[in-house]
Structure formats: structure tokens, C-alpha cells
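K.L.:
Below are the chains, spelled out letter by letter.
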Amino acid sequence: MALSVREYRARIKSTESMKKITRAMELIAASRIIKAQQRAQAAAPYARELTRAVSAVATFSNVDHALTTEPEDPKKAAVLVVTSDRGLAGAYSSSVIKEAERLVEKLKGEGKDVDLYTSGRKGEAYFKFRQREVVQAWTGFSDQPTYDVAAEIGATLIAAFLADAEDSESDVRDVDEVHVVYTRFRSMLSQEPTAVRLLPLEVVEGTEAPDKADLLPLYEFEPSPSEVLDSLLPRYVQSRIFFALLQAAASELAARQKAMKSATDNADELIKKYTRIANQARQAGITQEISEIVGGVNALADANAGSE
Amino acid sequence: MAESTDKALQVELVAADRLVWSGQATMVIARTTEGDVGILPNHAPLLSSIIEGVVDVQTAEGETWIAAVDAGFISVADNRVSILAERAEMSHEIDLEKARQDLERAKEAGENDDAAQEAVRRAEARIRAVERAS
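Residue numbers (our numbering), protein chains in the order written: chain A, 34 to 341; chain B, 11 to 144.
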């Protein structure tokens with residue numbers, strides 16, 4: 034008997050209280066995920082209308098905008114990695130970081146320097162621990178991002194993209210392209226780390242001929258197409274970032290729910306196993322006591338028989 | 011502009027994080043960078059930037075909905091009006107006390123500050139929206 038019954042009882046107890054915690058986290062994640070999905074759905078009309086407006090301007094004006102122009106010789110790229118603030122979500126953060134590392138390697142292979150930007154404490158901690166510079170990190174909102182945060186991130190990245198390499202006075206780091214790595218929410222069961230290029234913008238103009246109903250009308254632009262585009266495009270970028278953050282939030286909660294569910298299941302199994310071992314130990318103890326008593330009685334009987 | 015009663019405007023007022031209001035309307039008034047525009051049914055397609063201000067929507071039943079919006083866009087096409095703003099609130103959702111406090115704070119923050127100026131305009135728009143609605 035390796036351990037006493039009492040020690041097994043103590044292990045069962047601690048596993049039970051751990052199970053209560055993981056069970057609670059599972060339920061919390063499950064209830065928040067519905068909210069996260071609703072938020073993602075609520076943000077969809079804005080993104081849809083914005084996309085429509087951007088493609089309308091892009092179609093009817095041949096205005097070149099700084100945000101859509103491909104730099105001739107891209108030397109530097111920014112990568113925004115969207116991770117979670119807290120752990121206990123299975124492989125969620127590590128798989129998005131792995132995807133980011135792949136992208137960084139690829140960009141380096143193309144001869145580009147990479148500036149890292151992170152959202153979420155896990156990403157920041159990962160790069161800081163490896164002593165790699167993170168230009169800017171945003172934390173504290175990963176499971177319920179607000180539009181304000183997305184707007185701030187967007188403004189920072191746009192400023193970096195628009196910054197002039199020759200202008201050494203400004204402290205904004207100049208980059209030639211901006212990538213975002215986030216986890217796309219496919220379903221409750223599958224979330225997929227995805228890397229997309231955000232800037233320069235590729236305005237998606239439907240390549241196939243649109244339906245008649247979808248034909249874009251001839252808009253009048255006020256004050257002028259270029260000015261409308263000027264204020265439209267940064268918002269488009271911000272809404273894309275907001276979309277990525279919302280998807281990441283839903284994915285994080287789904288991953289956490291899954292991880293906590295399997296943790297609860299494991300705790301259940303552990304409790305069952307320990308209970309069996311504890312019962313076995315208890316039974317072994319009883320058996321030993323009985324055989325000791327029987328042995329003692331026999332010895333006594335033998336001694337008495339000898340003396341007579 | 012044709013005054014046809016059978017045609018109504020399909021209006022969507024959209025903030026970045028939610029659909030604030032949608033429905034049928036006979037007239038929409040919004041403030042663009044060039045000044046106020048009134049949109050009636052069969053308006054020519056228009057895409058314009060709007061500034062912080064009040065949006066007025068009159069429905070076919072004669073009701074008036076008033077909303078405070080941030081800078082954004084209005085797009086009109088085919089009797090569909092979409093108003094996009096990063097933030098938008100219907101007049102009945104606005105907390106007047108809070109808007110007044112925001113205005114005080116933004117005014118104190120200084121007049122040279124662009125962000126503060128924006129906050130002043132935003133707070134003023136919200137207060138105006140409530141006052142117009144009541």
C-alpha cells in the first residue's frame with residue numbers, strides 16, 4: 034500500500050474542488066460565447082454598408098489613395114497578433130502565435146523586417162519572454178473588445194503605414210505593409226488561426242459580373258470622391274480590425290469552453306480512479322487487521338496448548 | 011423630386027457595434043460636411059460624409075425619430091438610406107445628465123485640442139437630440 038487511505042481522500046477532495054472551478058469556467062465561457070456571437074452579428078451591418086460604400090467609391094472614381102497604393106519596394110512589415118488576455122483556453126493562444134511566427138518567417142524570407150504589434154497579454158508575454166521587441170501592445174479587452182479599441186489600434190497602424198521613411202523626426206515606425214493574425218471563428222468546434230494582409234488595402238471588387246440588383250448606382254460624392262475616400266478608408270480599416278477582434282473573442286471563449294470541458298471530464302475520471310484506489314486501500318487495511326487478529330488468536334492458542 | 015406616397019425610404023441607422031434603427035421613412039435630415047441635407051424618396055444616389063450632429067427621421071405614420079450621431083457617412087441609393095457612424099444613439103437612449111457632464115468636461119479640456127473639440131460637438135449633438143425630441 035503506497036499511500037494511506039487518508040491521503041487518497043485528500044486528493045479526491047482537492048480534485049473535486051478543482052473540478053468545481055473548471056466547471057464554473059466552462060459555464061461562464063458558454064454563456065459569454067453567445068453574447069460574443071451576438072456582438073459579431075450586430076457589427077455585421079456596419080461592415081457590410083462600409084464595404085458597399087468603399088467599393089462604390091473605388092468603382093466610380095479613379096482616385097489613388099495612399100492606403101491602397103502598393104509601395105514599390107516593401108522593406109518593412111507590421112504584424113498585429115491577436116491573442117487572449119488569460120490562459121486556460123487550451124491551444125488557443127499558442128496556435129495563433131505559431132501562425133504569426135510562420136508569417137514572420139515568410140516575411141523575413143522575402144527580405145522584409147518585421148515590427149510586432151500585439152493585442153492580448155498572452156502575445157505580449159510570449160514575445161517579451163523571448164526578448165523580442167513589441168512595438169505596441171494593447172491588453173485588457175480580449176473577451177469583449179469595443180469599437181474604441183479597434184479604432185485606436187487602427188489609427189496606430191495606419192499612422193505607421195503612412196509614415197514617411199525619410200522623416201526621421203517623427204517617432205512613428207514606418208512600415209510598408211500591415212498584416213493581422215487572428216483566430217477565425219468557424220463554429221463552436223473549430224477555430225482557425227488566419228493571417229490576412231490589411232494594408233495596402235485590396236478593395237474587393239467583385240470579379241464576376243454582379244446581378245442587376247447589385248449594380249452600383251452612380252453616386253454623387255460630397256464634398257468630393259477623394260475626400261469621401263479619405264474618411265471612408267480609415268474607417269474601413271478600423272472595422273476590419275474590429276471584425277478580427279470580435280472573431281478572436283468568440284474563438285477564445287469557444288476554445289476556453291472546450292478546454293474547460295475536457296478538464297472537468299478529466300477531473301471526473303481522476304476522482305473515480307482515486308476512489309477505487311482508496312477503497313482498495315481501505316479493504317487491504319481491513320484484511321490485514323483481520324489476518325493480524327486471526328494470527329494473534331492462533332499464536333495464543335498454540336502457546337496455551339504448549340503450556341498445558 | 012417626385013412626391014410619391016407609395017414609395018418610402020428604407021432607412022438604416024448603423025453604429026459600429028450595432029444596428030441602431032431601421033424602418034420606413036418619408037424624410038431623413040442629416041448634417042453633412044457641406045451643410046444639412048434632406049432626403050426625400052427618389053433622391054439621386056448620394057454618398058457623403060456627415061459630421062457630429064442630429065439625424066431626423068420622419069416615418070410614414072408621422073412619427074419623428076431623432077438620433078445623435080458621430081462623424082460618419084450617409085449613402086442614398088434606390089430609396090435606401092444608410093447612415094453609418096462609429097457611434098449613434100436614439101434620443102430616448104441618451105442620458106441627458108451624462109451628456110451635460112461630458113460637455114462640461116470637454117469644454118474644460120481646452121479649446122485648442124482637436125479631440126476635445128470633437129467631444130464638445132458630440133456632447134452638444136446628444137443634448138440637441140434630446141431637446142428636439144422632447
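Treat the hints as calculated values from the structure; they're not laboratory data. Predicted model, so just to flag it, every value in this text is computed and none were measured. Treat each hint with caution, since some may be false.
Computed Cβ-Cβ distance ranges for the label pairs, DEER-style [stated by the list, open to error]: (1) Phe-174(A) <-> Ala-18(B): 37 to 43 Å; (2) Asp-88(B) <-> Asp-181(A): 56 to 62 Å; (3) Gly-72(B) <-> Ser-264(A): 32 to 38 Å.
Think of the CB as a built atom: it goes at the ideal place given N, C-alpha and C, for glycine as much as any other residue.
K.L.:
All hints, please: hold or fail.
P.N.:
Cross-check of the supplied hints:
1. Hint check: Phe-174(A) to Ala-18(B), Cβ distance near 40 Å, so the stated range 37 to 43 Å holds.
2. Distance hint for Asp-88(B) and Asp-181(A): a CB-CB separation of about 33 Å, inconsistent with the stated range 56 to 62 Å.
3. Between Gly-72(B) and Ser-264(A) the CB atoms are about 34 Å apart, so this pair conforms to the stated range of 32 to 38 Å.
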